[in-house]
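**Student:** Given next are the chains, with one letter for each unit.
2 protein chains.
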Amino acid sequence: MQTPKKIAVVGSGLVGSLLAIYLRKAGHEVEVFDRRPDVRKVKFSGRSINLAMSNRGWKSLRAVGIEEEIKKLALPLDKRALHVADKPLYFQKYGKEEEAIYSISRGVLNRKMIDLAEESGAEFRFEEKVWDINLSEAKLYTGESEKGEWKEYEFDLIFGTDGAFSRVRHKMQRQSRFNYSQHFIDVGYKELRIAANADGSHKLDKGSFHIWPRGEFMLIAMPNLDGSFTCTLFMPFEGEISFESIKTETQATAFFEEHFPDINLEIENLKRDFFKNPTSSMVTIKCFPWSYWEKVTLVGDSAHAVVPFYGQGMNAGFEDILVLYQKMEKYGDDWEQIFKEYQNDRKPNADAIAELSYRNFIEMSSKTADPDFLLRKKIEKNFADKHPDAWVPLYSRVTFSDKSYAEALAIGDYQRKIMDKVMQLPAIEERWDSKEVERTILDLLAKEVKTS
Amino acid sequence: MQTPKKIAVVGSGLVGSLLAIYLRKAGHEVEVFDRRPDVRKVKFSGRSINLAMSNRGWKSLRAVGIEEEIKKLALPLDKRALHVADKPLYFQKYGKEEEAIYSISRGVLNRKMIDLAEESGAEFRFEEKVWDINLSEAKLYTGESEKGEWKEYEFDLIFGTDGAFSRVRHKMQRQSRFNYSQHFIDVGYKELRIAANADGSHKLDKGSFHIWPRGEFMLIAMPNLDGSFTCTLFMPFEGEISFESIKTETQATAFFEEHFPDINLEIENLKRDFFKNPTSSMVTIKCFPWSYWEKVTLVGDSAHAVVPFYGQGMNAGFEDILVLYQKMEKYGDDWEQIFKEYQNDRKPNADAIAELSYRNFIEMSSKTADPDFLLRKKIEKNFADKHPDAWVPLYSRVTFSDKSYAEALAIGDYQRKIMDKVMQLPAIEERWDSKEVERTILDLLAKEVKTS
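Chains as they are written, first to last, in UniProt numbering: chain V, 1 to 452; chain G, 1 to 452.
Derived from the structure by calculation, the hints contain no laboratory data.
As the structure is a prediction and not an experimental result, all values here were calculated from the model.
Be a bit skeptical, because a hint or two may be false.
[As the list claims (entries may be wrong)] Taking lysine-lysine and the DSSO-like style, the derived pairs with C-alpha atoms no more than 27 Å apart in a straight line are: (1) G:K417 with V:K347; (2) V:K171 with G:K139; (3) V:K206 with V:K271; (4) V:K147 with G:K96; (5) V:K151 with G:K151; (6) V:K129 with G:K171; (7) V:K139 with G:K171; (8) V:K286 with G:K139; (9) G:K147 with V:K171; (10) G:K147 with V:K151; (11) G:K129 with V:K171; (12) V:K147 with G:K206; (13) V:K247 with G:K367; (14) G:K87 with V:K171; (15) V:K171 with G:K286; (16) G:K286 with V:K286; (17) G:K247 with V:K147; (18) V:K171 with G:K206; (19) V:K147 with G:K286; (20) V:K129 with G:K129; (21) G:K417 with V:K417; (22) V:K151 with G:K247; (23) G:K139 with G:K129; (24) G:K171 with G:K87; (25) G:K139 with V:K129; (26) G:K347 with V:K286; (27) V:K6 with V:K327; (28) G:K147 with V:K129; (29) V:K347 with V:K417; (30) G:K171 with V:K151; (31) V:K139 with G:K147; (32) V:K295 with G:K129; (33) G:K129 with V:K147; (34) V:K139 with G:K139; (35) V:K340 with G:K247.
Next comes chain V alone, as it looks inside the complex (with noise of 0.2 Å):
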């Protein structure tokens, strides 16, 4: 049991109102404070990839007890669906039977986050910007305009939940001695749509997630309760084929009919949207410490944005208010001690899971339409399936588990050394399900577990 503190949690996104439900069970205080209005009352923005609910995320929601309710706002997707150019559509399953990841609106989720919250007791103060903290005192300041009058909280914990352009992390940033650094991909996104049949039914396959992979860019899809698709467009913000270099409608005509032929009944949705929609930019954060003494810390993607091509930025944030907690009910009011084993052990796995997502942006555009990508996929799963114990892929490591991020990144790069040999092996092609591909990998993990 710790001493109820008075604590403020700044930002009122996904991860700042699970970390005030987790706040509130412990028995604190709680007011949550975010510059924007309150999300449920206005309408989203047109920026947002829907996100993918995994392991992590559930295991996080179900320790308060929350899981339930918020699968009733998800879609389970089991297997992508690869719409590779000039193929017939190819699906490739995740993981074993059952396993799945979730499709959920961000807006959505976040609203139902606010109302369980709120319901827990949390106070929200929306619109109101917080411009400066006093790190050693836990004092925020609010007000209308950073030269304007400020009001001063006083609190005993400030908890920077504030994403991936963080104010509070920003004023750690000006501390000697602090690591930080923000690294923008030359890739934006867009915000597109799919709207539902007049049924309500889906257009597309509700169970999977639809990639479009085209090398240099990528669409894809993830389905929504009202039968509609939420859309992102993944493309270079300058160069030949660009955000920059399509300006007319015309341009966008001949872009959509000639890339996304199997969707072309929707094109004049897809130029509205394109017109409409801003195009966004995505960047991988890393700082250290991510703790103030026993004052501050941060929570989510104020510690660690990445990329979101392993779609486990949300499951990342919710894995951080489990450790945390866990750290909590190991050491009480030593609060100094919480956030230091906290930060610790976090900082590995998110550093882990920013180099993995980064590494998937790679590997979605321009390799799942590679037929050498897809074969090496096909013997994992193969060998995968046959010993379970002595081969979990990568990919289902990191979503389907709560193996460390940091130790799912170790043995996914020496499974990659395997399979890169198992590659070279002649004729692999034909007898990639053959015995002797099996007892190769059979040998060549036996020889990594004796040299690692």
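Dock chain G against the given chain V, drawing on the hints supplied.
**Tutor:** Chain G alone, transformed into the frame defined by chain V:
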């Protein structure tokens, strides 16, 4: 010839004052802002590493006709003096005859540079702090405090020469797609001083850069014109032997006595400075882009701060200015093109000197005490003397040439691979200056050229 512009330079340090001289030479109106008082009117702060001016720095000064004047303030050092524990003093020549780096006090140099910039017609506004910048309109806002009244200035162009913690860059960092990193090393530094003899002479050889390499930590000393030495103690912030671990006079005495017996007459002074002077941190800063359209650009540390272990921070900043000036001569009034080519030319070189500086931190503190490393340097030197066209040692390429840092890094890497092989030759300790070794290096070089 360029159309005269109204230009603000933010920061009156070494790079800011040299840039002001260059811009005046090109006919522009120049105002230099600095939040600090005029360095000519204050005592030095006791947190400076003496500077080592080398070829790139001199070349940039020469181009505006002030090389000779500055040289009067500097002392040439043509070798390292290695004070290895329990070994006789060992001298290591830096390069060929006549090649030397020049020791110069940061404060002395900065005062002189501001004098020269004022003489050239630049106007200095000291104790005027820039709080905000309007990048697209090249406006500056200064004032007593962040929340107080601000004064607005409008310029045609703004140059950010305000160092590692640049306010100008800070403003650019809030833009989307601005890549940025700051990485602190776990080692701090403290300035100490060895006074002159009573007759004004130096207590150690004044033609050497003195190093006491001690593995985890290191002391260096560089001579001043007045007979004193500016010393810098580099040591971990925390740990067994660290700034944190030396808390009392007794501990400090024991530390200096044990590790620096050959300067033990200085212990009282060293100790006094140890407790009087601050412990400072060291950071590598990288960012991109450096420019905002044709309005704003960063020069020197604000664009690329490096750790001080290659003695190239100032030299790299001065070289930035020379390159920028060459682009001004090439493109006239097309400032967008000037800034674009300047940043594209300089960025890979800034990254290369950051990497080289970081590596030298490892090399100077631990490897300069290692017999294998000293032998390796001897072999390289010997070979370079015989084949000056085939082998320019990395240190010489960085320090005494004006070939790009990026090229130096790349060539240094393949030279290291060759030397790794040479050091594997049997009985290399005995036959290091033999014909066979020379032949081996020539063969390896020929092979390297073929494959690269």
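**Student:** State for each hint whether it applies.
**Tutor:** Hint check:
Of the supplied pair hints, the one linking K417 (chain G) and K347 (chain V) is violated, its CA atoms being roughly 34 Å apart against a limit of 27 Å. The straight-line distance between the Cα atoms of K171 (chain V) and K139 (chain G) is roughly 25 Å, inside the 27 Å bound, and the hint therefore holds. Note on K206 (chain V) and K271 (chain V): the hinted pairing holds, with a Cα-Cα distance of about 23 Å set against a maximum of 27 Å. A threshold of 27 Å between alpha carbons decides the hint, and for K147 (chain V) with K96 (chain G) the separation of about 59 Å lies outside it, so the pair is violated.
The straight-line distance between the Cα atoms of K151 (chain V) and K151 (chain G) is roughly 25 Å, inside the 27 Å bound, and the hint therefore holds. Using a Cα cut-off of 27 Å, the hinted pair K129 (chain V) and K171 (chain G) holds, with the two alpha carbons roughly 19 Å apart. Pair hint K139 (chain V) plus K171 (chain G) holds up; C-alpha atoms about 25 Å apart against a cutoff of 27 Å. A distance of roughly 32 Å separates the Cα atoms of K286 (chain V) and K139 (chain G); the hinted pair therefore is violated under the 27 Å criterion.
At most 27 Å may separate the alpha-carbon atoms for a hinted pair to count; K147 (chain G) and K171 (chain V) meet this at roughly 16 Å. With a CA separation close to 14 Å, the supplied pair K147 (chain G) and K151 (chain V) stays within the 27 Å bound. Straight-line distance between C-alpha atoms of K129 (chain G) and K171 (chain V) comes to about 19 Å, which keeps the hinted pair within the 27 Å bound. With a C-alpha separation of about 54 Å, the suggested pairing of K147 (chain V) with K206 (chain G) is violated against the 27 Å cut-off.
For the proposed pair K247 (chain V) and K367 (chain G), the alpha carbon gap of about 58 Å is over 27 Å, so the pair is violated. For the given pair, K87 (chain G) sits about 49 Å from K171 (chain V) by alpha-carbon distance, which is inconsistent with the 27 Å threshold. Simply put, K171 (chain V) and K286 (chain G) have alpha-carbon atoms about 20 Å apart, close enough for the 27 Å limit, and the pair holds. For the suggested pair K286 (chain G) and K286 (chain V), the alpha carbons sit about 14 Å apart, so the restraint of at most 27 Å is met.
Between K247 (chain G) and K147 (chain V) the alpha-carbon distance is near 43 Å, which puts this suggested pair outside the 27 Å criterion. Simply put, K171 (chain V) and K206 (chain G) have alpha-carbon atoms about 45 Å apart, too far for the 27 Å limit, and the pair is violated. Simply put, K147 (chain V) and K286 (chain G) have alpha-carbon atoms about 30 Å apart, too far for the 27 Å limit, and the pair is violated. In summary, the hint linking K129 (chain V) to K129 (chain G) is supported, as the alpha carbons are separated by about 26 Å, within the 27 Å threshold.
In summary, the hint linking K417 (chain G) to K417 (chain V) is supported, as the alpha carbons are separated by about 25 Å, within the 27 Å threshold. Straight-line distance between C-alpha atoms of K151 (chain V) and K247 (chain G) comes to about 41 Å, which puts the hinted pair past the 27 Å bound. With a C-alpha separation of about 14 Å, the suggested pairing of K139 (chain G) with K129 (chain G) holds against the 27 Å cut-off. For the proposed pair K171 (chain G) and K87 (chain G), the alpha carbon gap of about 52 Å is over 27 Å, so the pair is violated.
Between K139 (chain G) and K129 (chain V) the CA atoms are separated by roughly 26 Å; this keeps the pair inside 27 Å, and the hint holds. Between K347 (chain G) and K286 (chain V) the CA atoms are separated by roughly 22 Å; this keeps the pair inside 27 Å, and the hint holds. A distance of roughly 18 Å separates the Cα atoms of K6 (chain V) and K327 (chain V); the hinted pair therefore holds under the 27 Å criterion. Between K147 (chain G) and K129 (chain V), the direct Cα distance comes to roughly 16 Å. Compliance with the 27 Å bound is thereby established for this hinted pair.
Between the alpha carbons of K347 (chain V) and K417 (chain V) the distance comes to roughly 26 Å, so the proposed pair stays at or under 27 Å and holds. Taking the CA atoms of K171 (chain G) and K151 (chain V), the gap is about 25 Å. The hint holds against a cut of 27 Å. Distance restraint check for K139 (chain V) and K147 (chain G): the Cα-Cα separation of roughly 18 Å lies within the 27 Å cut-off, and the hinted pair is therefore satisfied. Distance hint between K295 (chain V) and K129 (chain G) is unfulfilled; the C-alpha atoms sit about 31 Å from each other, more than 27 Å.
For the given pair, K129 (chain G) sits about 16 Å from K147 (chain V) by alpha-carbon distance, which is consistent with the 27 Å threshold. Taking the CA atoms of K139 (chain V) and K139 (chain G), the gap is about 32 Å. The hint is violated against a cut of 27 Å. For the hint linking K340 (chain V) to K247 (chain G), the alpha-carbon distance of about 25 Å falls within 27 Å, and the restraint holds.
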